[in-house]
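Asker: Here is what each chain is made of, one letter per residue.
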Amino acid sequence: MSPGDLAAVWLTLKLATVVTLLLLLVGTPVAWWLAHTRSRWKGVVAAVVALPLVLPPTVLGFYLLLLLGPRGPIGQLTQALGLGTLPFTFAGLVVASVLYSLPFVVQPIQGAFAAVGSRPLEAAATLGAGPWDRFFTVAVPLARPGFLTATVLGFAHTVGEFGVVLMIGGNIPEKTRVVSVQIYDHVEALDYAAAHWLAGGMVVFAFVVLLALHLLTGRREEGR
Amino acid sequence: MSAPIRARFQVAFPGFELDVDLDLPGRGVSALFGPSGCGKTTCLRAMAGLERRARGRLEVGGEVWQDDALGDFLPPHRRPIGYVFQEASLFDHLSVRGNLEYGQKRGGQRRRDGAQDGGLAEVAELLDLQPLLDRRPATLSGGERQRVAIARALLAAPRLLLMDEPLAALDLGRKREILPYLQRLHDELEIPVVYVTHSPDEVARLADHLVLFARGKVLASGALGEVLPRLDLPTALADRAGVVVEAVVSRYDGHYGLLELSFPGGPVQVPHGLVPVGSRMRLQVRARDVSLARSRPVDSSITNILPATVVAVGAGDSPAHVMVRLDAAGTPMLARITRRSRDQLGVEPGMGVWAQIKAVALLA
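One line per chain: the protein sequences are Y and L, in this order. The working numbering applies: residue 1 is where the first sequence begins, and numbers increase by one. The working numbering applies: residue 1001 is where the second sequence begins, and numbers increase by one.
Since the hints were derived computationally from the structure, they do not count as laboratory data. The structure presented is a predicted model; accordingly, all values stated were derived computationally and were not measured. Some clues are possibly wrong.
Here are some of the chain L residues that sit facing chain Y, going by a computed Cβ distance under 7 Å [to be verified]:
hint	residue
1	Phe1016
2	Ala1048
3	Leu1050
4	Ala1069
5	Gly1071
6	Phe1073
7	Leu1074
8	His1077
9	Ser1089
10	His1093
11	Gly1098
12	Gly1103
13	Arg1106
Stretches of chain L that chain Y covers, calculated by requiring three or more beta carbons in the stretch to come under 8 Å of a beta carbon on chain Y [to be verified]:
hint	segment
14	1080 to 1086
15	1173 to 1185
Residues on chain Y that point at chain L, a partial pick, calculated with CB under 8 Å [what the hints assert, rightly or not]:
hint	residue
16	Ala115
17	Arg119
18	Pro120
19	Ala123
20	Thr126
21	Leu127
22	Gly128
23	Gly130
24	Val138
25	Pro141
26	Leu142
27	Gly160
28	Glu188
A virtual CB, placed ideally from N, CA and C, is assigned to each residue, including glycine.
Model the full structure from these sequences, guided by the hints.
Answerer: Printed below as a string of structure tokens:
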């Protein structure tokens, strides 16, 4: 692999790690709210979270570009704060990826929280555990399979994205050029050998991750 | 501490209404009894603070836990309670010991005078849990899980123990396995217990105080010995109506295998194994097992024939029957006889009769 390929792999891993951590932080409260709320806004929020599942990545990337760009409302805000604009930066990639992978993290956690139900939390409350206490000592440990699935899917999905990255990040070496874009470049340049190295690597990575997920969650169920 | 429990709750949601005003004793087991859907579980959840839609007032041992008129509401984790759910609701990610310690650690903060302060070893011994301590809840039987749940609630140092049909989800065999533990708790616990059930048998075995529920309202509330013999209540117990008597073992006839139990108006003799003289036992006499005679039967095979006075005659559970309330030297009893027998014998209040007891059930 060329130094450019290695840089792309490194950047991809860095992006996926940062995005996954942010998604767990942002997605957990959203998942909790969706699993427990009786609000009539639940349907609306659930639909917004699920949008990236059905929208073409280019649509998401296009609107993000407008919002985050120099004339977009968020772009104006980031400029006023002295942060510059986000498109075509690593930070911009992170923001776009968080939105794009949100459903892959929120939905498994939401499902796990719903499966835990309110009974164990009520039991914890009657034993003297306050709201935060019972969240961290009962809800999260019991929802662990959901968190595991969410982490793996969030990471893998971020590694595998292309359209949003191209729209928001462009193709800047060592800044926004991730593996999927690098493969695209190799193919454009008819350098199939180089493309094979990266593309084949991605296939192996995806397969290993999904297999590991299956084995991990499967073993948990048997242990029950 | 034996200051009483005062609970007043109102809940209304579509198709259901609860409106109760209860005074419960500060010691012993108070059974909330009634058919399913009558509001007894909602009432119990309201006492725990788990049913936020329940508005009202709750005072336990002189402390106000909830008074919606003043905007006071103590959340469940600040109420010094133990709660046993119908399903054990153990934490599957913790071992049995982890489950027990969960409440113990947190309950320590609310441990004050009067609180049950059992150590883990002591409570584990009471419920025979030592061999299970390192097991996972998922590997336990239903009865074992419920015993762990009871121990977990006790270790949270409650000043009030709330139990919601703890036996209802168990099959008959498991029920028989748990009941002795509950009876042991009944004898050893110093805190009040509120026990929701729809089983007349559990009421007879465990309750000291009985609250009859129907359609979200309290029909009657009082000591077990006062509520059971009442004739004015629609017999929720139907053909299982009867009285529960606290008696003392006074003699054992080894030749015939009969145990003699004494109580005011007694004694009675019951086929049973040896029990030390002086032991306290609960016995149940059902109305359908009591018949009446005007003069003392002399050639009857029935062993237990007690003199009594008719107090009142009320409606029976079928048009052909009447329910007769008796007084046997201070012990109230019920007899279910046919309307025809009442007319033939001329049974009326004040009359002296002989109560022939065909069967006595020993409950503990």
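Asker: Mind checking the CB of L/Arg1106 against every CB in chain Y and telling me if the closest is under 7 Å?
Answerer: holds (3 Å)
Asker: Examine the segment 1173 to 1185 of chain L for residues whose CB is less than 8 Å from any CB of chain Y, and state whether their number is three or more.
Answerer: Violated - the segment 1173 to 1185 of chain L has 0 residues with a Cβ nearer than 8 Å to chain Y, which falls short of three.
Asker: Given Y/Ala123 was flagged as interface, is its beta-carbon under 8 Å from a beta-carbon of chain L?
Answerer: Cβ of Y/Ala123 sits 4 Å from chain L, so the hint holds.
Asker: The hint names Y/Gly160 as touching chain L; please verify it with the least Cβ-Cβ distance against 8 Å.
Answerer: Where the cut-off is 8 Å and the nearest Cβ of chain L is about 32 Å from Y/Gly160, the hint is violated.
Asker: Under the criterion of a CB-CB separation shorter than 7 Å, is L/Phe1073 in contact with chain Y as hinted?
Answerer: Interface hint status for L/Phe1073: violated (13 Å vs cutoff 7 Å).
Asker: Is the interface hint for Y/Pro120 satisfied, with its Cβ closer than 8 Å to some Cβ of chain L?
Answerer: OK, holds: Y/Pro120 within 8 Å of chain L, min 6 Å.
Asker: Per the CB criterion, is L/Ser1089 less than 7 Å away from chain Y?
Answerer: holds (4 Å)
Asker: Could you check if Y/Val138 really has its C-beta closer than 8 Å to a C-beta on chain L?
Answerer: With Cβ-Cβ at 6 Å, under 8 Å, it holds.
Asker: Would the hint on L/His1077 stand, with a C-beta cut-off of 7 Å toward chain Y?
Answerer: This hint holds: L/His1077 lies near chain Y, its Cβ roughly 5 Å from the closest one there, short of 7 Å.
Asker: Checking hints one by one. Is Y/Arg119 an interface residue toward chain L, by the C-beta closer than 8 Å rule?
Answerer: This hint holds: Y/Arg119 lies near chain L, its Cβ roughly 5 Å from the closest one there, short of 8 Å.
Asker: Does L/His1093 hold up as a contact with chain Y if the rule is Cβ-Cβ below 7 Å?
Answerer: Cβ of L/His1093 sits 4 Å from chain Y, so the hint holds.
Asker: Given Y/Thr126 was flagged as interface, is its beta-carbon under 8 Å from a beta-carbon of chain L?
Answerer: Where the cut-off is 8 Å and the nearest Cβ of chain L is about 4 Å from Y/Thr126, the hint holds.
Checked against the numbered hints given earlier, this structure breaks hints 1, 4, 5, 6, 7, 11, 15, 16, 27, 28; the rest are met.
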